[in-house]
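Construct the entire structure; sequences and hints are all you get.
Below, each chain spelled out in residue letters.
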Amino acid sequence: MEWVNAVLQGTLLGGLYALFAAGLSLIFGVMRLVNIAHGDLIVLAAYLGLTIAVGLGIHPLLALAIVVPVMAALGYALQRGILNRTMGDDILPPLLVTFGLSVIIQNALLMGFSADPQKLQAGDLETASLTAGGLTIGVLPFLMFATSVAVIGGLQWMFYHTALGRAFRATSDRQDVAQLMGLNRAHVFGLAMALSLAVTGIAGVFLGIRTSFDPSIGGSRLIFGFEAVIIGGLGNLWGTLAGGVIIGIAQAVGGQIHPSLQLLAGHIVFLVILAVRPRGLFPKMEG
Amino acid sequence: MQVTRSSPASRAAAVIGLLIVIGLVAAPWWAGRADLRLMGEIFLYVSLATLWNLLAGYAGLVSVGQQAYVGFGGYAFFALTMLAGIPILLALPLAAVAGALVAIPVATLIFRLRGAYFAIGTWVVAEVFRLIAAQTPALGGGSGASLSADIVKTLADSRDLREAIAFWLALGVMILTVGAAFLILRSRRGLALTAIRDNELAARSLGIDIWRTKFFVYVVTAGMTSLVGGLIFLQKLRISPDAAFSANDWTAFVIFIVVIGGIGTLEGPILGTLIFFALRETMAELGTIYLIALGVVAIAVMLKAPTGLWGLIRARTGAELFPLSRRVTGLAPMSRK
Numbered sequence: 001m002e003w004v005n006a007v008l009q010g011t012l013l014g015g016l017y018a019l020f021a022a023g024l025s026l027i028f029g030v031m032r033l034v035n036i037a038h039g040d041l042i043v044l045a046a047y048l049g050l051t052i053a054v055g056l057g058i059h060p061l062l063a064l065a066i067v068v069p070v071m072a073a074l075g076y077a078l079q080r081g082i083l084n085r086t087m088g089d090d091i092l093p094p095l096l097v098t099f100g101l102s103v104i105i106q107n108a109l110l111m112g113f114s115a116d117p118q119k120l121q122a123g124d125l126e127t128a129s130l131t132a133g134g135l136t137i138g139v140l141p142f143l144m145f146a147t148s149v150a151v152i153g154g155l156q157w158m159f160y161h162t163a164l165g166r167a168f169r170a171t172s173d174r175q176d177v178a179q180l181m182g183l184n185r186a187h188v189f190g191l192a193m194a195l196s197l198a199v200t201g202i203a204g205v206f207l208g209i210r211t212s213f214d215p216s217i218g219g220s221r222l223i224f225g226f227e228a229v230i231i232g233g234l235g236n237l238w239g240t241l242a243g244g245v246i247i248g249i250a251q252a253v254g255g256q257i258h259p260s261l262q263l264l265a266g267h268i269v270f271l272v273i274l275a276v277r278p279r280g281l282f283p284k285m286e287g
Numbered sequence: 001m002q003v004t005r006s007s008p009a010s011r012a013a014a015v016i017g018l019l020i021v022i023g024l025v026a027a028p029w030w031a032g033r034a035d036l037r038l039m040g041e042i043f044l045y046v047s048l049a050t051l052w053n054l055l056a057g058y059a060g061l062v063s064v065g066q067q068a069y070v071g072f073g074g075y076a077f078f079a080l081t082m083l084a085g086i087p088i089l090l091a092l093p094l095a096a097v098a099g100a101l102v103a104i105p106v107a108t109l110i111f112r113l114r115g116a117y118f119a120i121g122t123w124v125v126a127e128v129f130r131l132i133a134a135q136t137p138a139l140g141g142g143s144g145a146s147l148s149a150d151i152v153k154t155l156a157d158s159r160d161l162r163e164a165i166a167f168w169l170a171l172g173v174m175i176l177t178v179g180a181a182f183l184i185l186r187s188r189r190g191l192a193l194t195a196i197r198d199n200e201l202a203a204r205s206l207g208i209d210i211w212r213t214k215f216f217v218y219v220v221t222a223g224m225t226s227l228v229g230g231l232i233f234l235q236k237l238r239i240s241p242d243a244a245f246s247a248n249d250w251t252a253f254v255i256f257i258v259v260i261g262g263i264g265t266l267e268g269p270i271l272g273t274l275i276f277f278a279l280r281e282t283m284a285e286l287g288t289i290y291l292i293a294l295g296v297v298a299i300a301v302m303l304k305a306p307t308g309l310w311g312l313i314r315a316r317t318g319a320e321l322f323p324l325s326r327r328v329t330g331l332a333p334m335s336r337k
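Note that the protein sequences, when read in sequence, are chains A and B. Residue numbering for the first sequence follows our numbering, starting at 1 and increasing by one per position. Residue numbering for the second sequence follows our numbering, starting at 1 and increasing by one per position.
In short, the hints are calculated from the structure, not lab data. All values derive from a computational prediction rather than experimental measurement. Be aware that a few hints might be false.
[To be verified] Pairwise CB distance ranges, derived in the manner of DEER restraints:
| # | chain 1 | residue 1 | chain 2 | residue 2 | range |
| --- | --- | --- | --- | --- | --- |
| 1 | A | Ala150 | B | Ala319 | 55 to 65 angstroms |
| 2 | B | Ala300 | A | Leu8 | 44 to 54 angstroms |
| 3 | B | Leu155 | A | Ala186 | 54 to 64 angstroms |
| 4 | B | Leu90 | A | Ser129 | 56 to 66 angstroms |
| 5 | B | Arg33 | A | Arg277 | 54 to 64 angstroms |
| 6 | B | Ala315 | A | Ala186 | 22 to 32 angstroms |
All C-beta atoms, glycine included, are put in the ideal place defined by N, C-alpha and C.
Structural data, given as structure tokens:
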């Protein structure tokens with residue numbers, strides 16, 4: 001029974017990893033950009049949530065109403081102000097610039113908030129649980145998983161049923177032709193990054209409610225998200241959710257075998273999948 | 001008309017470089033202990049920067065996980081000396097060989113990832129190495145291990161001589177890495193590398209085996225990075241997973257050094273390291289602000305002058321201290337209409 005429980009908890013945890021990954025998957029799909037600062041932006045969102053929740057004395061989930069638009073605005077500004085200048089055939093400039101951003105954000109957070117672990121207080125929600133057939137499901141992990149499914153479903157719908165999604169797909173297919181058809185590439189890229197960081201905002205607040213965080217943990221969140229994207233297959237959002245769940249289950253089962261194996265198990269499953277299915281489980285596009 | 005690689009600047013640089021090396025070899029007689037340590041550290045950073053530059057600037061393999069090999073080299077060195085009882089001077093090259101051997105399966109796996117995803121893949125590998133090191137009780141697990149005094153004393157009895165030997169080893173490794181990078185770039189393989197860097201498609205159509213060329217560079221770089229790692233922890237005398245696999249120390253600083261100095265040139269990493277240490281010695285007390293400033297400068301350089309400082313100097317003067325490019329001399333001046 002405890003193994004079934006581990007798989008269940010892992011699946012729910014995978015929802016959070018899919019949230020980490022969704023923003024990464026989105027910007028890669030639209031503009032082939034890999035944002036190394038993604039993990040640090042998640043942590044930044046968690047600190048933003050903390051500042052707002054404590055400052056206004058509101059529940060962290062209510063703080064989302066401010067965190068999400070602020071992160072989106074930051075994403076748009078970041079893309080238009082800095083990242084658009086690095087877009088081109090050469091992969092080095094975007095990689096090194098986002099790497100520089102990662103170091104800057106991490107150290108700025110260290111200066112502003114110190115290295116002490118922080119946590120978002122969500123009150124009763126943290127301990128509430130549902131029991132069914134001998135299995136116990138925390139309300140919070142369930143809420144995270146449901147949010148993750150809703151966010152990915154929403155992104156999927158946006159991609160295939162809205163004008164914005166059409167603009168994203170057009171730019172993804174052929175940037176120059178999309179530009180000729182009257183789409184402003186710089187603006188479309190800005191919107192993609194805004195949407196990516198809006199999702200990051202949700203991910204950051206949930207991260208902060210679930211565990212304690214400090215400025216240095218961004219890198220490993222980026223890695224979890226990245227593993228989910230690769231396992232799921234590039235450009236496939238539902239695949240990303242599946243990838244997140246696989247990493248989550250691997251970590252939970254590994255942790256069940258021995259607590260010190262938790263992180264290693266996730267990485268090993270990723271490397272094994274990379275060895276057998278280099279393009280991921282459900283690939284839709286070429287890297 | 002003839003085609004040459006050397007120029008007056010490169011010949012002068014060779015002579016001056018030789019004089020500097022001779023002066024440095026004699027440093028234990030003219031420099032204090034603190035200066036020796038600082039210089040040793042500078043040499044090791046020049047080595048790391050040169051190796052990362054060979055990967056990213058020439059082979060197009062942008063790795064953000066080279067700390068995997070610094071840490072692996074350090075741990076392999078500790079294991080060989082402490083557990084296997086192998087003499088220090090033999091354990092260092094063995095650590096390098098072990099690093100290269102480990103890099104073979106790693107490369108086979110992560111070369112499946114393209115471009116930027118390759119970069120994060122290298123990071124995953126470094127994480128896996130760190131987690132494994134933290135779970136190896138024989139090497140101290142999560143809290144790390146110290147090199148015992150008995151082992152250290154096999155290097156030399158007096159402390160001054162030990163410090164001098166560590167300094168010479170660092171100097172030797174720097175000359176080895178810069179020299180190896182220079183020779184690789186001048187060889188047939190270097191030409192292939194440059195062709196790949198400039199245009200991968202065209203290089204492939206000329207019959208260059210891109211995968212194999214990159215694989216060769218990755219494995220050689222991993223081996224030499226492991227050697228540097230072994231030396232770093234010989235100087236520190238203590239190793240722990242967090243210090244050995246530190247992304248900041250062994251990758252972030254190194255990337256900033258190369259970007260600011262000039263990526264894709266042999267001179268850039270050396271110039272970048274000198275600037276980095278000059279700044280560090282004057283701004284070290286600023287701590288985190290120093291790192292933020294370094295990040296801002298690196299981003300500004302990447303956006304405004306992607307070839308770095310040495311690229312700017314070369315564009316102005318045409319100077320090249322390491323003769324790599326070919327130039328035509330003795331052409332009759334073109335007649336003007």
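Hints, one by one, checked against the model:
Between Ala150 (chain A) and Ala319 (chain B) the CB atoms are about 60 angstroms apart, so this pair conforms to the stated range of 55 to 65 angstroms. In this structure the supplied range 44 to 54 angstroms holds for Ala300 (chain B) paired with Leu8 (chain A), their Cβ-Cβ distance being about 49 angstroms. Roughly 59 angstroms separates the CB atoms of Leu155 (chain B) and Ala186 (chain A), a value that falls within the hinted 54 to 64 angstroms. Taking the beta carbon of each, Leu90 (chain B) and Ser129 (chain A) are about 59 angstroms apart, inside 56 to 66 angstroms as hinted.
Checking the proposed 54 to 64 angstroms range against Arg33 (chain B) and Arg277 (chain A) shows it holds: the Cβ atoms sit about 55 angstroms from each other. For Ala315 (chain B) and Ala186 (chain A), the Cβ-Cβ distance of about 28 angstroms falls inside the hinted range of 22 to 32 angstroms, so the restraint holds.
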